[in-house]
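4 protein chains.
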Amino acid sequence: MSTVRIRNAESRDEAAWRALWEGYCRFYEVDIGAAITDHTWRRILDAAAPVHAIVAENAQGRVIGMANYIIHENTWEALPVCYLEDLYVDPAVRAGGVGQQLIDWLVAQMPLQGWSRLYWLTKENNYRARGLYDKYTPRDPFVRYVVKAKK
Amino acid sequence: MSTVRIRNAESRDEAAWRALWEGYCRFYEVDIGAAITDHTWRRILDAAAPVHAIVAENAQGRVIGMANYIIHENTWEALPVCYLEDLYVDPAVRAGGVGQQLIDWLVAQMPLQGWSRLYWLTKENNYRARGLYDKYTPRDPFVRYVVKAKK
Amino acid sequence: MSTVRIRNAESRDEAAWRALWEGYCRFYEVDIGAAITDHTWRRILDAAAPVHAIVAENAQGRVIGMANYIIHENTWEALPVCYLEDLYVDPAVRAGGVGQQLIDWLVAQMPLQGWSRLYWLTKENNYRARGLYDKYTPRDPFVRYVVKAKK
Amino acid sequence: MSTVRIRNAESRDEAAWRALWEGYCRFYEVDIGAAITDHTWRRILDAAAPVHAIVAENAQGRVIGMANYIIHENTWEALPVCYLEDLYVDPAVRAGGVGQQLIDWLVAQMPLQGWSRLYWLTKENNYRARGLYDKYTPRDPFVRYVVKAKK
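Chains as they are written, first to last, in my numbering: chain A, 10 to 160; chain B, 10 to 160; chain C, 10 to 160; chain D, 10 to 160.
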């Protein structure tokens, strides 16, 4: 495994976070406009918002991975849940364990932050990622339905 | 379709909501403790909380269905999303269109409330419910991973 | 459950079998040409062929359901397997247990005929049928890939 | 891609085929008894049987991969179908394109042999293999049910 340090994203990480976010959006073939990206980054930096990001920094101090997560309430637990919405690692350092260390950091935060569950979703055929995710738990037997607002 | 009225849950709906919630938990074979149920109901009544419930009232004024939903932020949209977490209809009035009217109400709220998406999850083999859900949209190709906090 | 008799298809069942086959093809939205239907029926009647059909006859002697199956070898077992390829019941008598009695007949044949396994496939969202199939066994964790010959 | 030659399995391939078959069974965590393995190998060598195998031979004449397939009839087509039941490549030469060349050989045989379809199944979470299979076609939307004979 690469020696990386996982820490909360800070203002100075903006350029690195944006570069990883762009790679992530290309991977999912989504076009998220600049206004939304700006908004998301502002929410991440806003200490009062439930939108957070962590970054993985290598031994040379370069940010090579990131994860965005949302804390939200739920009806099945009194404690909130942590939704790992986005996870991305620089393709140049793939398979080096960086993604796993980002998830491990979130798992370790669960008791510290008082989260009842950590969850994430991925495309059924995102095989590379699922090889990693299966190390934590089997996929659960739920399917998702999404209705988008009309523009 | 039954003639039902969909409206926000209110304090006076507590007994009916709890009876439907119990049936729902039995269906999913989960044992959600009294303390969490109390907490969830309090959050639903708290106008400042992002936890909400709607009920379906029949022509005789009896509550025969309910849905709980959570509003939370997300990184792909500037507007929040609506997570329909729980949906349940009294088995005695099943197949009468009550579930559909509860979902329809949420769909209609999307532009009014400024939600970018409405989503829900269900067990892959919850065939009766999926027959209804497929009328809105096909299931999406995502799978979910859930890590629970150690107790 | 309806009182039905399950028996091997015979020459006199041709009209009834064809009517059910047409309904089945409509359900799956496939257009199987007349030449192939003729071929399949000939194979069913040919005692030397591994293509077979059974029919469900009601108390009035009317054929209200049918199933086609193929016996083929496999590499994991010395005994052949039975592939239940098609199953269809007259929509007018649905939910009366006819489909189940057709499958039950095949299950009962397994030791008599020396089949090592009985299997079938269905569309993931064929919820009505899956409610029945789940009574026999959970779906297995396999996915299928099909490459069609170029015409 | 490795330079390999795909050809029909012959009597002299027995030891190599058995070694690959054992690795394959270990991968799927199945215990297929010696009697069945002997039976399957005999069927492969029997020119009159619908059980066939091909092998991948490298430039040094060593067999490094194999595939077993079954030809069987079906009711939706007049021509038989080819069921690729087993595919395995020596782990030492993985990711070298050998699996793809075995499948390509079968695809090329379709018009020559008069097969209407080529199909195979794999475990939903066999991610390495599915990365290859998705190059041919998306998985189809069918799920499988298997009832085993009581022993």
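Because the hints were derived from the structure by calculation, they are not lab data. Please note: incorrect hints may appear among the correct ones.
Which copy is meant is left open, because identical chains are indistinguishable; a pair holds if it fits in one copy or across any two.
[Said to hold, decoys possible] Straight-line distance between alpha carbons at most 20 Å, and here's what the computed PhoX-like set of lysine-lysine pairs gives:
1) K144 to K157
2) K144 to K159
3) K132 to K144
4) K132 to K160
To test your reading of the hints: which numbers does this structure violate?
When the structure is compared with the hints, only number 4 turns out to be violated.
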